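Please put together the full structure from these sequences, using the hints given.
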Amino acid sequence: MPHIHRFTHQALACIIGFLLVDIGKASSSICQLSKDEGSCEEDLTKYFFNKDVGTCEQFTYGGCQGNDNKFDSLEECSKACLGEDNPSKKFGLPSFGGGHSSFGNNAHSV
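Heads up: the sequence shown is residues -26 to -1, 1 to 84, going by mature numbering (1 follows the signal peptide of the UniProt record, and there is no 0).
In short, the hints are calculated from the structure, not lab data.
Simulated DEER-style distance windows between Cβ atoms:
hint, residue 1, residue 2, range
1, G57, E15, 33 to 43 Å
2, E50, E16, 18 to 28 Å
3, E31, S3, 11 to 21 Å
4, S13, D46, 17 to 27 Å
5, G57, Q32, 15 to 25 Å
6, S8, E50, 10 to 20 Å
7, Q32, S2, 13 to 23 Å
The calculated lysine-lysine pairs, modelled on DSS-like cross-linking and capped at a C-alpha distance of 30 Å, are:
hint, residue 1, residue 2
8, K25, K9
9, K53, K9
10, K25, K53
Every value quoted in this text rests on a predicted model; they were computed, and no experiment measured them.
We put the CB at the ideal spot given by N, CA and C, even for glycine.
In structure tokens form, the structure reads like this:
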């Protein structure tokens, strides 16, 4: 019986691996699309992956049509296209979440 149990875990790990590869291919193909601002007149701040320079950049989205290479935040774009959870680490930006920022820690009222 232990051999069947081991096979089941190996098969499950293999299936999960294939699923992760497929998800990665889907997001990487989205990241290869060009920036598309859409055709409507709204001014929505979005982020797209610029495949020419290999970074996520801000752009103004019109609100309709366009393509899937648009993300609501820099973090979402970086995670999908660069595999990074915190793009501020890559670009040397301060992190404002989690209470680890040094901003305001030494502020005193006079």
